[in-house]
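Residues per chain are reported as follows:
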Amino acid sequence: MTNKYSPEFGQEELDLLSRLSNALSVSGDEQEVREIVYAELQEFKDSMHTDAMGNVLVHREGSGPDRLRVLVDAHMDEVGMMLTREDGDGLFEFVVVGGIDPRQLVGKPVIVGRQHVPGVIGAKAIHLTTKEEREQVLKVNALRIDVGLGGSKMVEIGDRATFATTLQVLGPSLRGKALDDRLGVFNLIQLLKNAPDNIDLLAAFTVQEELGLRGAKVAAYHFNPDIGIAMDSTPANDLPHFDSEVNTTHNTKLDGGPAIYLMDGATIGDRRLIKWLSETAEAEGIPWQYRQPGKGGTDAGAIHKTRAGVPSVSVSVPQRYLHSPAGMVRIDDELNTLKLMHAALSRLDKSILKSQEN
Amino acid sequence: MKSDELLNVLQMLVETPGPSGSENLIRSKIEAEIRDHVDEVYTDALGNLIAKKGTKTEGGKRVMISSHVDEIGLMVTHVDDNGFARFIAIGGVSPFTCIGGRVVFMNGTHGVIGMERLDKDEQPSLAKLFIDTGATSKEDSKVGVGDVCGFERPFVTLGKRLVAKSMDDRAAATVAIQALKSIENTPNEIYFVFSVQEEVGLRGAITAAYGVDPEVGIAVDVTRTGDTPMGVKMEVALGKGPAIKVRDSSFIADPRVVNWMVDEAKAQGLPYQMEVLEAGGTDGAAIQRTRAGVPAGCLSIPCRYVHSPSEMVDVDDLQQSVSLLAGLLSKAITF
Chain B
1 MTNKYSPEFG QEELDLLSRL SNALSVSGDE QEVREIVYAE LQEFKDSMHT DAMGNVLVHR
61 EGSGPDRLRV LVDAHMDEVG MMLTREDGDG LFEFVVVGGI DPRQLVGKPV IVGRQHVPGV
121 IGAKAIHLTT KEEREQVLKV NALRIDVGLG GSKMVEIGDR ATFATTLQVL GPSLRGKALD
181 DRLGVFNLIQ LLKNAPDNID LLAAFTVQEE LGLRGAKVAA YHFNPDIGIA MDSTPANDLP
241 HFDSEVNTTH NTKLDGGPAI YLMDGATIGD RRLIKWLSET AEAEGIPWQY RQPGKGGTDA
301 GAIHKTRAGV PSVSVSVPQR YLHSPAGMVR IDDELNTLKL MHAALSRLDK SILKSQEN
Chain L
1 MKSDELLNVL QMLVETPGPS GSENLIRSKI EAEIRDHVDE VYTDALGNLI AKKGTKTEGG
61 KRVMISSHVD EIGLMVTHVD DNGFARFIAI GGVSPFTCIG GRVVFMNGTH GVIGMERLDK
121 DEQPSLAKLF IDTGATSKED SKVGVGDVCG FERPFVTLGK RLVAKSMDDR AAATVAIQAL
181 KSIENTPNEI YFVFSVQEEV GLRGAITAAY GVDPEVGIAV DVTRTGDTPM GVKMEVALGK
241 GPAIKVRDSS FIADPRVVNW MVDEAKAQGL PYQMEVLEAG GTDGAAIQRT RAGVPAGCLS
301 IPCRYVHSPS EMVDVDDLQQ SVSLLAGLLS KAITF
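First to last, the sequence lines map onto chains B and L. Take 1 as the starting number for the first sequence in this note's numbering and just add one per residue. Take 1 as the starting number for the second sequence in this note's numbering and just add one per residue.
By construction, these hints were calculated from the structure, which means they are not laboratory data. Note that the Cβ used here is the ideal one computed from N, Cα and C, for glycine as well. Some hints could be false.
To be verified - Quick partial rundown of chain L residues pointing at chain B, CB under 10 Å, derived from the structure:
no.	residue
1	Asp81
2	Ser94
3	Val156
4	Leu158
5	Thr207
6	Gly211
7	Ile333
Claimed, not checked - Chain B regions said to be covered by chain L (calculated; three or more residues, Cβ under 8 Å):
no.	segment
8	212–225
9	290–301
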């Protein structure tokens, strides 16, 4: 293969991923990430548009004969919170948007609204709590976001909020919020900038994935692709078991490389595409792993059921502590995911759909 | 209708493994069985086998018949150092019907299902079960993460009752195949869809219906019965004829389709039963909500012990269902 693509993670990449990760882009209000995507992809401005739901869709045409039309998807939204009622004194009641464990909320600094007004999800100080109180999980409706009196004029009911975490490099790892799915967004930007010519790359930066794959449904309908691939992030439950029992439910492991999906709650991966990805990884010497079959879902769940059907698969970067104030990933897993996607797309042709292995 | 041929087709189908997402083997067997009886047969993007028969002439409609060819099964999630495989369910699998059961993988490997020791009063769950393929180590195991197996149980006849795994929905696929063979002249353009991934959410029928774009649709599927000791309260019984679905928890059958089926059963003098199913869904729901909407119903085969490895149907119900379906499709559809 000529022009082998070897992505690196230098200052420029760190800067882009930091902006993506630190952005406030909770489902239904993805404007901040949308703006970053537009700014990064100015060279595609004539083939890029925002659809009725807010998905950013880019049609990058290849040049070879007989090209497959390949939808590659990454969602721009993140789980977070929405202000629902003001209690006065800068305190706001809120609801959770998407799946967040309520135990993750208490005591966390947050940012609220387009202006990133700082706040905190407060709770009674330990000095004032009883033993019984400390053993209870505080329910979301008992919690408030406190933006202080000054800030309250700068936020409104309906504003989204997210954790006030900024991306940090920790040796070989990255720690940050919303890496689900800003890593996918980052990778899709890189794939467009380095797109192989043998395919038509139909890039969908989608909205509202965390609320039920809503954006991907209409994005896939628009593109009507031959193949669909969702790039996402999936939990790594690979912590040591202290009773030395075998961990049969790790889902994925850090340092294991890109995780290829077999089956989740929303999709049974197309066997031909699973094989294509794993064989590419083997041929290119890229570490890879299966994501253990299980629950959950990615945008592939919406894509594959579109129109008369789209063979689909998902690839994820393994991540510890998903949907929390701070997730943890390995830089190598992220780069290997990008490398695998690029190598796999570069070798893709129509013969893949001729076999009947699915 | 020759009963031997129906039984032969049924036995061939129920003894072929094909859990959701792994329908390639069952698809190729059905394709071979029907190829000479249809105008055109093709496989769509998700793996649905679609056979077209007839050309639309005056009074005819474009009709979709959907019987799903996937079955419930298991997928391996982990193989430990001693070769024991952990798994998750594909579709609705109860741990109670797994224990002591046998499975066969798509690569031909056989296995038995064992269970961890349970605490007193603990209920079995799939997480406590494992498949023993006879492997002595992880390296020795012929199955790995992602490998798929179906339940293994031979086909037996008990008088008029027929017992096998995957009667859901191979009994209905058999009805569709035999009806397809018996139709000689029709004003309708009929698409027989042998759909995939029904057990995980009607997924194949969703895309097949979009592709076929029918004017009317009928799912053929099994339904539960209320005729076993201390069973669910339900009117449908084995041996009392095809069941005409009025509703289940996935959709309300179009009343015009219900009446069309009732009228045809009466015209042929066939016994039939009205079916109101409290929990369960079929491809009919997927067809009904396709594009701008499609009148849809469901012809149900009464079946005991659904989603167990020993599902039971009645041979008379099957034959009458073939007559009913063939009769419906051979004439102009007037509603």
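Here is how each hint holds up against the structure:
no.: 1; hint: Asp81; result: holds, 7 Å
no.: 2; hint: Ser94; result: violated, 18 Å
no.: 3; hint: Val156; result: violated, 31 Å
no.: 4; hint: Leu158; result: violated, 34 Å
no.: 5; hint: Thr207; result: holds, 3 Å
no.: 6; hint: Gly211; result: holds, 3 Å
no.: 7; hint: Ile333; result: violated, 24 Å
no.: 8; hint: 212–225; result: violated (count 0)
no.: 9; hint: 290–301; result: holds (count 4)
Violation of the numbered hints given earlier is confined to hints 2, 3, 4, 7, 8; the remaining hints are satisfied by the structure.
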